[in-house]
Each structure stands twice: as structure tokens, then as C-alpha cells.
Amino acid sequence: MKGYRHAASGILVPLAALAFWQMLSTMGWVNATILPSPMAVLLKWWSYLRPLEVFDPAQGSYLKWCFTGELIQDAIGSLYRVLVGFTIGSGLALPLGLAMGYSRVAYGLFNPLVQVLRPIPPIAYIPLSILWFGLGNPPAVFLISIGAFFPVLMNTVAGVQNVDSIYLRVGRNLGASRLTQFTRIILPAATPYIFTGARIGMGTAFIVVIVSEMIAVNNGLGYRILEAREYLWSDKIIAGMFTIGLLGLGIDTLMSRLSSHLLKWHRGLEQG
Amino acid sequence: MSDAASHISIQGVHKVFESGGQEVHALKAIDLEIPQGQFVCLLGPSGCGKSTLLNAVAGFSLATAGTITVNGTAITEPGPDRGMVFQEYALFPWMTVEQNVAFGLEIKGLEEAAIEAKVAELLAMLSLTDFRKRFPKDLSGGMRQRVAIARVLALDSPIMLMDEPFGALDALTRRNLQDELLRIWTELKKTILFVTHSIEEALYLADRTVVMTYRPGTVKRDLLVDLERPRDVASPAFNTLKKELSQLLMEEQSRHNQAEIRGAAVD
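These protein sequence lines map, in sequence, to chains X and U.
Using this note's numbering, read the first sequence as starting at 9 and increasing by one per residue.
Using this note's numbering, read the second sequence as starting at 39 and increasing by one per residue.
Chain X on its own, in the form it takes in the complex (with noise of 0.2 Å):
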């Protein structure tokens, strides 16, 4: 009952916001090229998601089929650099982080150039990464690779370093060597900080996959809505916009599931 209450007042303002907007279209108060009516842009979105051609047994199974049309491919598109990008990041981060956890000597002489390049927007790396890397994928997977890395290196560092001195003590106490201690304790330990940064990294590898796709490569979410301003498609752009939100919202509530499911151990979660 109180369930479906909050979701009711979940829903009024979306609902409220809505339904402004398409009063400022129906009273014509807004030019529709510059502000299209949801009507329009529900429209657009949905030839925008459906296949282009007729159905062609010839071609292969409908399920195929289903997945031509040019939104799907641009979703998969930027999915897919999304993915690569955020899986070389913080496949680099999370060793480098638990070794400057770990080791001090480690976190002496990573740390200070750590510090010099981690303010830097992934989006500063533009003009090297097509000087390095030309166009298509490889730019626009760097840029995300850097987007991912550093959310995730900063905070296996802290959950290293934040371990609870006296988990090692008991460890110490049970006779665990030094591998043991790192592997059984000291990871399990840090999880928590490793999965939030992996959130947080995989937040940024979603903002940097746009950005990118604006300059480097010809499809993908970031590249359809840039393209449709172009042609002054405004109802198009809105739809990419959503769908990039959408998506978004999917990833971290799969991720945030996903670190609830693995750390069910850890206190934090059920008071938040």
C-alpha cells in the first residue's frame, strides 16, 4: 500500500512536466523546430526504433530483424565502446590501486603523477586521441578508458588503505601469510570502496561515450543526435536524449543491484 502510494507520487511530477510541455506546443507558444510537442517526439522515437525495411524472411530470423533498426544499432554501438572502454580502464585501475594501497613505496611513486592527470577531463584528451589514434573506435574507447580509470583507481586506493587495522591483526593472530592476508582480507575488505568506484566509473564512461561519439566516429547514440542537428530534427534529438538517460539509468541500476547482490555481507547497504 505504501508501495504504490510512492509510486504515485513518483509519478506526478514527470507527469505535471509533461504535460507543460505539450501546452506550450498545442498553444503554439513554442516554435515546434526548436521545441517539438512529446507527441512528436514519441513518434520519432518509435520510427526511429523500428526497422527501416519491411520484414524479409530471406535475410535471416525476425529476431535479426527486429534489431535493424537505426536506434537499436546505436545503442548496441555505444554499448559496446561503453563496455571496452570501462573494462581496459578499470581493468588497468584496480591493480595499480591495490598496489598503491598496499605498498607505500607504491603509492610514493604513482601518486604525484596520479594526482597532475587526474584533474584532467577525459574530454582534454580529445585532440591527442585523434592524433594517436585516427578516427572510428579506438579515439572513443581511450577517451572512455580514461573516463573509467581514475573514479576506479581513487577508490581501491582508499578501500585498501581504509581496511580495518584490526581484520590484519586477527589475521596475524590466525597465522595468515602476507599472501593470504592481501587475497582473504584485504580485497574482500575493500569491495565495497572498488564497487562504488566502479559505479562512479561507469557513470563517467557514459557521459565521456557521447562526448566522443561527436567527434570520432558515424553512429552510435552521441553521433545520431549531433547528426540530427543537422537537419534541425529537434524531435530526434529529444528521443536520443532519452534514450541516453534510459540506457544510462539501466546500467547503474543493474550495477547497483549487481554490487547489493555480492556485498549482501555489508551493513552499509541496508541502511542505505
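Worth flagging that the hints you see were computed from the coordinates, not collected in a lab.
This one's a predicted model, so the numbers in the text were calculated from it and none came from an experiment.
Be aware that one or more of the hints could be misleading.
Pairs of lysine-lysine, DSS-like flavour, derived with a Cα cap of 27 Å [stated by the list, open to error]:
1. Lys171/U with Lys146/U
2. Lys272/X with Lys175/U
3. Lys171/U with Lys272/X
4. Lys72/X with Lys52/X
5. Lys156/U with Lys171/U
6. Lys280/U with Lys66/U
Incomplete in silico selection of chain U near chain X, CB under 8 Å [to be verified]:
7. Gly121
8. Pro131
9. Lys175
Each residue gets a CB set at the ideal place from its N, CA and C atoms; glycine is no exception.
Since chain X is already given, all that's left is putting chain U on it; use the hints.
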């Protein structure tokens, strides 16, 4: 094990550490000989160095001077021959109850079947069998401390070190666990070094109670508690001892208070 005369031998132990630019003499000339199987309580006000002494025996922080030996071997580092139970439980929150208990056995490199059997036995001994799949966050304080005790018992260490293990528990749970501990101790014949600031707890549990002084920590009174078990906390004999120890402890407590007031005046 054969030489039961002095299992843990503490000789001329001093511990000095620095705190806020000042040298603190935490332990001074401590001599204690603890035979195999004795239940010893270290009793004193906070700041008397009882936990410092326990940590020195555990090997977490070595003595500045003097020697501590176990069965004739000097202590240089922590080890599973001296299992420790902490006041704050210190269970690994990412492990279930049974995984926590099994951890020490896995480190020892036991076979899986042997680990399983041992864990099952310990969980039964501490009435934890129904909770074996739970995570520590889903357990009460008393349950957590049972798990911590089982984890140390798994090591099969001849010595158990306990640092105010029941300090955070309510009175009923506390008495309950004290009885469990006595049962286990009678069954397994371990040497127990138990830190507490509760006179009643010391008298209820120990064969021998060592009262320590406030800084520098020295042995103020080494008392053999010669009472029949199970002990009756309401009996005249118990209360005579309690009164005596209270008197000793009050003296140290007031020295502690004066030191704090002096400290505050300097600040």
C-alpha cells in the same frame, strides 16, 4: 606441555611508549609465571596496562625490555598458538559464521573434510549450528562473540588470550557466555589469560586474579581465587574477596582520576 611448571613465563617486562611527546611507562617490571591450564584474569582500571601486557603476550606489540616465553620459546610475533578474542569481536563481515570459524583451519592447510568436521563440532559446542550460514551483521553481540571464540578454538591453541571479550554485552548474555567459557575451559584444559575491569567477572571466572596498578603498570596483588565452582556470587566468601579487590581497585582508580585532573590542568 610436559613442563607444566611455567607455561607462560613473563620476566622483568617493561613497556614504554610515546604518547603526545611524553614517555608513558605502561608496564614496569612485570613478573608472572603461569602454569599450563590456569585461568588467569588481569584486573585493573583503564590505563593500567593490562591490555598492553596481553598484546605483548599475543606478539602484537613486543615488550621494551624483559622476556616473555611460551614453553621456553621467546615471543617475537603473533601466532596461532596464542589465539586472541577481541572485545570488538573482529569477525570478518564478508564471511559467514562457518567461514569465519573455518578460516584458521584453511590457513593451517587442513583437508576440506577435516575442516568441515571440525567446524561442525565447534558450531555445535557453541550452539551456533543454526546460524552457520548467517553473516555477522545479522547476529547479536553475544552470538558474534561465540563465533569469535569458536574461531579461536579452531586453532587448537594451548593458550587463549581474551581482551575484555564480554565487556560490550548485557549482563545476562555476559553471565551466559562466562558459563560457556568455563565449560569449554574445563573440557579443553586451555591456559586462559583474560583481561577485564570487572571484579565480579574476575572472581567468577579465574583461578588467579592479578590486580595491576595505574601507570606504571605493576602487579599490585596476585591472588589465588580458591573458591569451589560453580561459584555463587552471593556467597559470603565471594563477597569478602570482592570487597578486598574493590578496595585495591579504588586506590588505583583514584590515582587514575588524579592523573587525569593533573593532565587537564596542564592542558
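Hint by hint, here is what the structure shows:
1. Restraint check for Lys171/U and Lys146/U: the C-alpha separation of about 22 Å stays at or below 27 Å, so the hint holds.
2. Proximity of Lys272/X to Lys175/U is assessed by CA-CA distance (about 10 Å); at most 27 Å being required, the pair is judged to hold.
3. Taking the CA atoms of Lys171/U and Lys272/X, the gap is about 12 Å. The hint holds against a cut of 27 Å.
4. Only pairs whose Cα atoms come within 27 Å are accepted, and Lys72/X paired with Lys52/X is accepted, the gap being roughly 22 Å.
5. The straight-line distance between the Cα atoms of Lys156/U and Lys171/U is roughly 16 Å, inside the 27 Å bound, and the hint therefore holds.
6. Between Lys280/U and Lys66/U, the direct Cα distance comes to roughly 26 Å. Compliance with the 27 Å bound is thereby established for this hinted pair.
7. Given hint, Gly121/U at the interface with chain X, holds; its Cβ is 7 Å from that chain's nearest Cβ, closer than 8 Å.
8. Interface restraint check: Pro131/U against chain X, minimum CB-CB distance 5 Å, threshold 8 Å, status holds.
9. Interface restraint check: Lys175/U against chain X, minimum CB-CB distance 5 Å, threshold 8 Å, status holds.
Violated hints for the displayed structure: none, as all numbered hints are satisfied.
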